[in-house]
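Please model the entire structure based on the sequences and the hints provided.
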Amino acid sequence: MFPTYIFLFVFAPITFIGYWVIKGDRMRRLWLTIASYIFYGYWDWKFTSLLLISSAINFYAGGRIGKSEDQSTRKFWLVAGLVGSLGLLAYFKYFRLVLITLDAISNAVGGGDIAIWNIILPIGISFFTFQAMSYTIDIYNRKVEPTNDFIEFACYVALFPQLIAGPIVRYRWISETLRNLPKKFTLEYLDLALFYFSIGLIKKVLIADRIANYINPMFDNYQALVPSEAWAAIIGFSLQLYFDFAGYSLMAIGLGHLLGFKFPQNFNSPYKAVSISDFWRRWHITLSTWLRDYLYIPLGGRNNRLVALAVTMLLGGLWHGAYWTFVAWGAYHAILLELHHHLQNFRWIPRNRIYAQLWTFLVATIGWVFFRPPDFTSSWAFLQKMFDIPGLITEFHVSGKLLILIFIAFIWAYFLPNACELVRDRGFKPNTICAVVLALLTVLSVMFFYNPAPFLYFQF
Amino acid sequence: MIPIDNRPENKIPPGRFSKIWIVFFLMPLILIGLLNYIVDPYGIYGTGLFKPLELNSYTEKAILLREFDPKPEALIIGSSRVGQVDPIVVEELTGYRCFNFGVPSVTAGLMNSIVQYAVEDCDAPIRLVIVGVDPETFDAKLDIHQQAKLSPFFNEYFDTSDAWQRVLTFEQTISSIEVIARELKNSSGEIPDLYRPDGFSMYTLKQEMVDDGTFDLDSVISDRLENYASKFQVITPSTTISEEAKTSWLEFLEWCSERDIDVYFFMPPAHPRYIEMLGDMGSIERFREISTFLEMSAERYNLTFRDFTDLDSIDGDPGMFWDEVHMQKHNHDLVLRELLGGYPENEQGKSE
Chain S
1 MFPTYIFLFV
11 FAPITFIGYW
21 VIKGDRMRRL
31 WLTIASYIFY
41 GYWDWKFTSL
51 LLISSAINFY
61 AGGRIGKSED
71 QSTRKFWLVA
81 GLVGSLGLLA
91 YFKYFRLVLI
101 TLDAISNAVG
111 GGDIAIWNII
121 LPIGISFFTF
131 QAMSYTIDIY
141 NRKVEPTNDF
151 IEFACYVALF
161 PQLIAGPIVR
171 YRWISETLRN
181 LPKKFTLEYL
191 DLALFYFSIG
201 LIKKVLIADR
211 IANYINPMFD
221 NYQALVPSEA
231 WAAIIGFSLQ
241 LYFDFAGYSL
251 MAIGLGHLLG
261 FKFPQNFNSP
271 YKAVSISDFW
281 RRWHITLSTW
291 LRDYLYIPLG
301 GRNNRLVALA
311 VTMLLGGLWH
321 GAYWTFVAWG
331 AYHAILLELH
341 HHLQNFRWIP
351 RNRIYAQLWT
361 FLVATIGWVF
371 FRPPDFTSSW
381 AFLQKMFDIP
391 GLITEFHVSG
401 KLLILIFIAF
411 IWAYFLPNAC
421 ELVRDRGFKP
431 NTICAVVLAL
441 LTVLSVMFFY
451 NPAPFLYFQF
Chain G
461 MIPIDNRPEN
471 KIPPGRFSKI
481 WIVFFLMPLI
491 LIGLLNYIVD
501 PYGIYGTGLF
511 KPLELNSYTE
521 KAILLREFDP
531 KPEALIIGSS
541 RVGQVDPIVV
551 EELTGYRCFN
561 FGVPSVTAGL
571 MNSIVQYAVE
581 DCDAPIRLVI
591 VGVDPETFDA
601 KLDIHQQAKL
611 SPFFNEYFDT
621 SDAWQRVLTF
631 EQTISSIEVI
641 ARELKNSSGE
651 IPDLYRPDGF
661 SMYTLKQEMV
671 DDGTFDLDSV
681 ISDRLENYAS
691 KFQVITPSTT
701 ISEEAKTSWL
711 EFLEWCSERD
721 IDVYFFMPPA
731 HPRYIEMLGD
741 MGSIERFREI
751 STFLEMSAER
761 YNLTFRDFTD
771 LDSIDGDPGM
781 FWDEVHMQKH
791 NHDLVLRELL
801 GGYPENEQGK
811 SE
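From first to last, the protein sequence lines are chains S and G. First residue of the first sequence? That's 1 in this note's numbering, and the numbers climb one at a time after it. First residue of the second sequence? That's 461 in this note's numbering, and the numbers climb one at a time after it.
Simulated from the structure, these hints should not be mistaken for laboratory data. Just so we're clear, the structure is a prediction, and the values are computed from it rather than from any experiment. C-beta: ideal position from N, C-alpha, C; glycine also. Since no wrong hints were added, every one of them can be taken at face value.
Partner residues aside, some chain S positions facing chain G, computed with beta carbon under 10 Å: (1) Tyr5; (2) Thr186; (3) Leu187; (4) Pro217; (5) Val226; (6) Pro430; (7) Val436; (8) Leu440; (9) Val446.
Under 7 Å between C-beta atoms, here's a sample of chain S residues computed to sit facing chain G: (10) Glu188; (11) Asp191; (12) Leu194; (13) Ala224; (14) His397; (15) Ala435; (16) Ala439; (17) Thr442; (18) Met447; (19) Phe448; (20) Tyr450.
Here you go:
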């Protein structure tokens with residue numbers, strides 16, 4: 001929704017001006033909450049009630065946990081909060097998969113057809129559900145005090161910059177800012193906001209969407225691809241997904257700065273990773289740390305590594321969508337992580353950094369074969385195309401423009417420092433040329449707003 | 461790519477970055493908006509200071525049809541694949557004066573708009589519509605062609621409330637620059653004759669190559685079939701057939717039926733090499749599915765439908781193509797004779 005004229009030229013200016021003009025924290029939080037609900041309702045106003053229900057469940061459960069010292073009562077309200085949140089997620093996101101699976105089983109054993117309901121997947125439900133759940137769990141773990149201001153909590157859950165595609169922000173990270181909203185608009189924050197937002201927008205519109213224009217028809221008609229095209233498509237998707245999602249995250253961080261919030265980094269140049277475990281420390285950081293803290297560690301962590309890893313990665317895969325292909329993608333990464341663990345023990349991992357990075361990029365890219373095509377048949381056919389070695393040698397046909405885009409994206413992803421790195425490690429010291437270049441590339445991005453490609457992670 | 465200067469003396473004070481950014485963001489955007497609004501390369505805003513960039517087949521055909529006098533009683537519609545369906549042959553076979561309104565990537569919904577435009581805006585007494593239906597018409601991914609959206613003649617059939625958003629688009633900016641360049645060159649802006657006055661596609665350049673003996677159909681087809689899926693819309697086993705397109709198609713037939721307009725429709729032949737590729741992809745079943753639906757729609761409205769996908773069904777010549785799907789007049793004449801050969805005498809009688 002960010003790369004639209006209505007957001008950039010209408011919604012964002014009105015929201016930000018209102019936010020900085022209104023006096024009093026309560027009114028400003030209310031303003032921000034209303035704006036965030038309008039932002040969400042612009043997609044489908046009916047589902048704002050879902051946002052409200054999810055907030056209410058966790059606000060109430062968190063409050064009850066906070067008020068009680070009795071462990072069994074605390075546990076009861078924790079379970080109640082989680083069941084409520086996950087129940088909504090299960091119904092809207094996974095119930096259809098259950099019906100489809102039951103239907104397939106029923107047909108396989110000669111039973112009748114099972115009616116498959118058409119349930120609309122609310123945009124960003126996985127993100128705001130996990131975000132709201134982290135509040136309840138953190139109160140249970142005594143890591144944060146519950147708030148008694150529902151508007152404050154509703155504002156946290158619905159905060160529009162990260163509402164529909166993350167980063168998944170935990171309440172305790174921003175509770176201080178939420179409670180005492182910044183009073184004064186600082187130019188340093190405006191500088192950072194424009195810096196992050198423009199880089200994010202450029203990544204999304206000028207790189208990810210341009211690649212998408214070439215590879216989407218290739219995935220749609222994968223039967224007609226030759227092996228070299230299959231590789232170009234999957235490498236293109238690998239880069240498209242990164243630039244799309246990392247671009248969105250950067251825009252969210254930039255918009256957060258305009259409100260005085262510091263959101264966490266979500267991507268740390270994942271394609272520079274030297275191993276698959278390094279990749280997971282750099283890719284979708286707020287989700288992987290969420291899964292680590294609320295699933296992997298409670299399941300036993302390193303003491304119960306195999307089970308904890310398998311469950312975490314399978315559920316992590318399923319988090320991305322109600323398709324068994326996502327579970328397979330999670331399983332693929334679980335196997336890679338387990339394999340890496342053993343190879344590391346035997347010191348059988350590449351020593352050369354560049355070789356290790358390219359190898360990691362390759363195995364991560366192959367994994368996207370389970371992520372992008374819609375079903376196992378397509379994934380399997382795609383893999384067959386990719387590993388048709390004679391075909392790969394004899395028939396090399398790839399669009400020159402796609403190759404150029406892949407080359408630019410790869411160079412950017414692999415060699416350049418990421419925006420957060422520039423600010424955090426090197427200090428934010430952009431000069432005039434940097435401002436001019438970023439502004440002009442942002443103008444170019446705006447010129448592609450008409451018919452924008454949706455963010456890939458919205459569907460998750 | 462993004463210059464970051466770490467030298468302390470080059471660090472700019474807080475807010476300076478934002479000021480420069482805002483100036484270099486807003487100024488070009490305002491200039492681009494003004495440029496596109498004033499030049500109005502697609503004739504959307506009606507400023508009328510420059511002659512619009514005439515590259516739009518929808519607009520061109522709309523103008524030709526409006527100027528076609530006497531008004532046609534028969535209309536040929538479909539995608540560019542029906543470009544060389546000859547209105548003169550239709551007139552020979554049916555007695556109706558005919559106009560060819562074949563335009564790129566026509567959707568089922570647009571077919572209705574085109575016939576409505578002919579009947580309501582051009583006052584053409586349409587009695588017969590001949591439709592070449594591409595299977596791709598029913599692909600859920602087929603969007604309304606950009607040219608149709610940008611054609612002032614068809615704007616009224618679409619939601620144009622977002623027309624202002626186009627004022628900043630890259631595509632429109634390039635077109636504005638083209639218009640200005642044309643004006644600076646003092647070019648007359650005349651478009652080459654792509655169509656005869658009755659809408660028949662001329663294929664002038666390719667025809668010259670045919671006459672010179674330099675047209676190599678095999679190479680053309682080979683080039684196009686290579687990477688076909690990444691270049692063109694193609695029906696595959698995984699293609700979703702659009703229910704919306706089916707509904708629009710039935711609405712179109714209903715609309716014609718209510719006005720006593722007879723509709724003859726057919727699936728156009730394709731080159732055997734293309735059919736072979738589709739066979740390898742496993743797409744032929746989907747073609748049959750679409751053909752069955754069209755058959756059903758013909759039965760519902762008591763109309764004539766023929767599936768000519770297989771070139772042999774018209775005894776066509778594989779050498780008489782411009783590429784894998786666009787046929788030359790020779791083959792189209794065969795299609796028309798198969799389709800309209802037994803055109804009901806009573807229909808001709810009605811027109812007299």
